[in-house]
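Asker: Here's the letter readout for the chains.
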Amino acid sequence: MIGEDGTSVIRVLAPTAEDMRRIGSRLASLVRGGDVIVLSGPLGAGKTTFAQGFGRGLHIAGPIVSPTFTIARELVGRSSGGAPLRLVHVDAYRLGTLGFEPGQASADTLLDQLESLGLDEELDDPDEHTIVLMEWGSQMAAVLASARLEVSIERPLEPKPVRGKDEGCGVLSGDGPRTVVFRAVGPAWTQRMDDLRKAVEA
Amino acid sequence: MSEPVVLGIESTCDETAAAVVRGRSLVSNVVASSMDEHARYGGVIPEIASRAHAEAFIPVVSKALADAGMTLADLDAIAVSAGPGLAGCLAVGVSGAKALALACGKPLYGVNHVIGHIAVTQLQFGPFPPDTLALIVSGGHTSLLHVKDVARKVDVVGSTLDDAAGECFDKIARILGFPYPGGPHIDRHAQAGDPMAISVPQALTNGRSGARHPYDFSFSGVKTAVARWVETQHAQGGEIPVDDICASLAESVAAVLSRKAIAACERYDSRTLIVGGGFTANSQLRAKLLEEGGEHGVHVRIPERSLCTDNGAMVAMLGVNLVEAGVRPSAGDFPIDSAMPMSKIVM
Numbered sequence: 001m002i003g004e005d006g007t008s009v010i011r012v013l014a015p016t017a018e019d020m021r022r023i024g025s026r027l028a029s030l031v032r033g034g035d036v037i038v039l040s041g042p043l044g045a046g047k048t049t050f051a052q053g054f055g056r057g058l059h060i061a062g063p064i065v066s067p068t069f070t071i072a073r074e075l076v077g078r079s080s081g082g083a084p085l086r087l088v089h090v091d092a093y094r095l096g097t098l099g100f101e102p103g104q105a106s107a108d109t110l111l112d113q114l115e116s117l118g119l120d121e122e123l124d125d126p127d128e129h130t131i132v133l134m135e136w137g138s139q140m141a142a143v144l145a146s147a148r149l150e151v152s153i154e155r156p157l158e159p160k161p162v163r164g165k166d167e168g169c170g171v172l173s174g175d176g177p178r179t180v181v182f183r184a185v186g187p188a189w190t191q192r193m194d195d196l197r198k199a200v201e202a
Numbered sequence: 001m002s003e004p005v006v007l008g009i010e011s012t013c014d015e016t017a018a019a020v021v022r023g024r025s026l027v028s029n030v031v032a033s034s035m036d037e038h039a040r041y042g043g044v045i046p047e048i049a050s051r052a053h054a055e056a057f058i059p060v061v062s063k064a065l066a067d068a069g070m071t072l073a074d075l076d077a078i079a080v081s082a083g084p085g086l087a088g089c090l091a092v093g094v095s096g097a098k099a100l101a102l103a104c105g106k107p108l109y110g111v112n113h114v115i116g117h118i119a120v121t122q123l124q125f126g127p128f129p130p131d132t133l134a135l136i137v138s139g140g141h142t143s144l145l146h147v148k149d150v151a152r153k154v155d156v157v158g159s160t161l162d163d164a165a166g167e168c169f170d171k172i173a174r175i176l177g178f179p180y181p182g183g184p185h186i187d188r189h190a191q192a193g194d195p196m197a198i199s200v201p202q203a204l205t206n207g208r209s210g211a212r213h214p215y216d217f218s219f220s221g222v223k224t225a226v227a228r229w230v231e232t233q234h235a236q237g238g239e240i241p242v243d244d245i246c247a248s249l250a251e252s253v254a255a256v257l258s259r260k261a262i263a264a265c266e267r268y269d270s271r272t273l274i275v276g277g278g279f280t281a282n283s284q285l286r287a288k289l290l291e292e293g294g295e296h297g298v299h300v301r302i303p304e305r306s307l308c309t310d311n312g313a314m315v316a317m318l319g320v321n322l323v324e325a326g327v328r329p330s331a332g333d334f335p336i337d338s339a340m341p342m343s344k345i346v347m
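In order, the protein sequences belong to chains S and H.
Reminder that position 102 of the first sequence reads as 102 in the UniProt record's numbering, one-by-one numbering, no gaps.
Reminder that position 235 of the second sequence reads as 235 in the UniProt record's numbering, one-by-one numbering, no gaps.
One chain only, chain H, in its complex shape (with noise of 0.2 Å):
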């Protein structure tokens, strides 16, 4: 089969998206906007929820398929997240995908989202060069791992122990007063500020953690410090200087994942750092991972920005690349994994 057609379906946390790929081109990508359903409710959360991806699941994958100029007697196949997210929201997406899967008499894949994070980044960059290495960082997930092959051998390198890097800023945005989603917030805040004005720890980096855990990440002791810090600040009624902490912050937690991430690459003497996930556009992670990499040698892959967050391409493009290696459909019945394992890329 030459270019495989799939359609992607991805509903695992706030968005609800489809799109089609026709081998490594991206047709139609269609992401449902929650940050209007936001504003309306003024809540945080909303969108979150399955009924909320319920209401959209249709209106997205029809949109898909007519922006494609498809119907679904066109695909070869359908891909579908099946984990890691929250159980009511990828009930959705797999059951309104086997619902499809079974009216039209397509395979269907349940697949990992975070390998998804990594299979995207060839519709812009074409494919992986032999022992790539990834790191998928976002407000759900902080991991790194070697790409032997995306359709069947993903390892884990490393991952975070406690909070995801894109929850510590979330977490630490609320505390400074910056309206949801606060990573934005802290990253303008941080380009005003100065990096070496306040001593932000980074958790196993050196001493006995640090040998114990070289690629795993912590965050939650970082996301500790500050909010005490800033804690005390108030309760002595003293000034906060909201720039140099968010300058500090960002500049602490960019060269923890990019130190980690290009040591990484040494360890497996891969010369292609691959980059994913919603945290990515954080300007400071950018600036450090490019920096990291020039200075040893390693290119590093960083796709345009809606590539990077939750979308179906990620999906249908994994979905390709499973078509491709032969790899058996998931079977009908298949559960959902809201704690899916990295390692574990099809259901």
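So that you can see chain S by itself, here it is in the shape it has in the complex (with noise of 0.2 Å):
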């Protein structure tokens, strides 16, 4: 499928969490020291759940929670290759000025306010051991990361009724189904579309 814009782009659903961490765990066997991936979607469609695929993926041993209070957690983990790697986690939630949307404000508050944690170098230029897997962060990324693979979540507004079994019936609910977008950006990961579209889709 290709966007508007001429660039590749991959959609797949996602109908639970465990699928969402598959998909995760799926785009880990592809990533290579040096990717930036700039993972979007509103408050709870999953973004952090698809971290936890990514990093179980990567082989990494600890947890992967959400790291919005620290706003970025270094894990170290490996390539399919066994290449030893850092993934940085970075959740850009709390960065960016109140008035605009979470992570977002105008490019100089963004860039002074990476700077000044000292993240600004991490997605400019990743060395090559490193990954950088960014929440909320897709307008700053943009700015900085020349080469990247966005992934943005989409969760429908109303949820279908759920009688999970462990939550009866009229219980608020956060499960249903979700779509992952997948898009390239820069020749990097360009050419590894069709190798993604095989993983995520199999």
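Warning: the hint list may mix true and false statements.
Stated by the list, open to error - Here are the in silico distance ranges between beta carbons for each label pair:
#, chain 1, residue 1, chain 2, residue 2, range
1, H, Glu231, S, Ala142, 22 to 30 Å
2, H, Lys344, S, Arg197, 38 to 46 Å
3, H, Gln236, S, Ala142, 32 to 40 Å
4, H, Ala192, S, His129, 50 to 58 Å
5, H, Gln236, S, Asp195, 41 to 49 Å
6, S, Glu18, H, Glu324, 27 to 35 Å
7, S, Ala83, H, Leu290, 26 to 34 Å
8, S, Asp194, H, Glu291, 53 to 61 Å
9, S, Ala142, H, His299, 47 to 55 Å
10, H, Pro341, S, Asp194, 46 to 54 Å
11, H, Gly326, S, His129, 19 to 27 Å
12, H, Leu102, S, His59, 36 to 44 Å
13, S, Glu154, H, Gly238, 43 to 51 Å
If you're looking for bench data, these hints aren't it; they were derived computationally from the structure.
Model, not experiment: these values are computed from the prediction.
Each residue gets a CB set at the ideal place from its N, CA and C atoms; glycine is no exception.
Can you join these two chains into the complex? Each is in its own frame, and there are hints to help.
Answerer: What follows is the structure in structure tokens.
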């Protein structure tokens, strides 16, 4: 599938949280050092769930939890080829300025905040052993990372009534299907889109 | 050595703080206020920036020593939070502490911030009874820990699998239009609402997932469910029952935290539950913990608010415990660890 701006786009359905983790894990099998992956989607879309699968695919031993509070967490894993990789899991939710959506502000403000946190260099030019996975960071990544994979997760507004085993009727629920859209920016990811399609649609 | 004197330094996230503890007494306690910065910038988090810590480090440490009427020469050791936290912020505190330790020739301990939340309760309640359980809940952490020996052996009983409880509150508060930090606003509105009005999910409490994760937490689904419900009401042009939403959310989160904490106490035969972290300020959680504790014969130790939030006293107190236990200081080149595991007390 070709996007409106000529970039290649992959859309895949994730009916459950475990499906979301599986898709994240499959993506991890294709990454290499220096990659920047930008995750976007509304609150509760499943970004951290995706990141948990991604971490599983990188053989990261510790838990992958939301990095919102500390902005960034560093974890050690390895690539599918066995090479050691450092995952920098960034969450820009608390960055930006009030009055904007989370993680958004004027470009100057964002760059200033990233610089003050020491994260601007990680995004601009991650080293060959580092992968950056960033939540809520689409605006600042667009400024800093010229080559990146954009992963956006869509969730329906009105959930279908869910009668899960664990929850009775009438309880609010966060469950339900999501759609994951991959979009390559720059040649490094465009070249891998066919492999990515095979991996996530399998 | 009787009554060790330790300087504690904290810079894991928003607060730059330093304190001096002698034995079980808090001699001085200085926390750099981040709220002024906050208002000045109009931003969400400028105060967490490493440079804010760098600017505050020397004034805060100097004031902690001056308030104690001490110089570096009077200390037996220095302790600093080495993790978990934001790397850039941790680096400022740890680098500064290393420089101080080198300059005055004192031993240095790079300690676990979360274990500090447990240790600090000794300042108010005295020593830990055997088999103490601890519930640490804040914007960044939600963990149940078994304290065998605060200086040597702390085990993880349960932890959040995704979002911290405080994070769930802050994110829903933003959706409801409350200013940051949103926790106190939810608390206040909850007091006027009906906690039974809306049925908010309680994750990992029953069924197969509950059996598999009896002492773990998950607040991501709660956040999503409430966020989506509010969005749907908005889209349909309906009135948002803010008080009822807040009351139902607070009731759900407080109930899950309290029940799991007390269940863990029963599992470990513990008669004492220690509570720490900024979320401990939440009045619904306090009430629920005391209620559940009372019903099950568990004494719940909730420290005063200034000891619950991030401070240097927690770091200094843990440092005193380490000195007393004869634990070897950290190596001179110990690293920071932004994802420091809870089972690791000292670097």
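Asker: A separate judgement is required for each hint: does it hold in the structure or not?
Answerer: Against the structure, the hints:
Distance hint for H:Glu231 and S:Ala142: a CB-CB separation of about 25 Å, consistent with the stated range 22 to 30 Å. Range check, H:Lys344 to S:Arg197: Cβ separation about 41 Å, and the 38 to 46 Å hint holds. Under the hint 32 to 40 Å, the C-beta atoms of H:Gln236 and S:Ala142, about 33 Å apart, fit the expected range. Range check, H:Ala192 to S:His129: Cβ separation about 53 Å, and the 50 to 58 Å hint holds.
Separated by about 43 Å at the C-beta atoms, H:Gln236 and S:Asp195 satisfy the suggested range of 41 to 49 Å. Roughly 47 Å separates the CB atoms of S:Glu18 and H:Glu324, a value that falls outside the hinted 27 to 35 Å. Distance hint check: the CB atoms of S:Ala83 and H:Leu290 are about 52 Å apart, inconsistent with the given range 26 to 34 Å. Between S:Asp194 and H:Glu291 the beta carbons are some 59 Å apart, a value that agrees with the proposed interval 53 to 61 Å.
Separation of S:Ala142 from H:His299 is about 54 Å and conforms to the stated range, judged on CB atoms against 47 to 55 Å. Take H:Pro341 and S:Asp194: their Cβ atoms lie about 39 Å apart, and the range 46 to 54 Å is violated. Taking 19 to 27 Å as the suggested C-beta distance range, the pair H:Gly326 and S:His129 does not conform, at roughly 38 Å. For H:Leu102 and S:His59, the hinted distance range of 36 to 44 Å is satisfied, since their beta carbons lie about 38 Å from each other.
Separation of S:Glu154 from H:Gly238 is about 23 Å and departs from the stated range, judged on CB atoms against 43 to 51 Å.
In this structure, the earlier hints numbered 6, 7, 10, 11 and 13 are contradicted, and the remaining ones agree with it.
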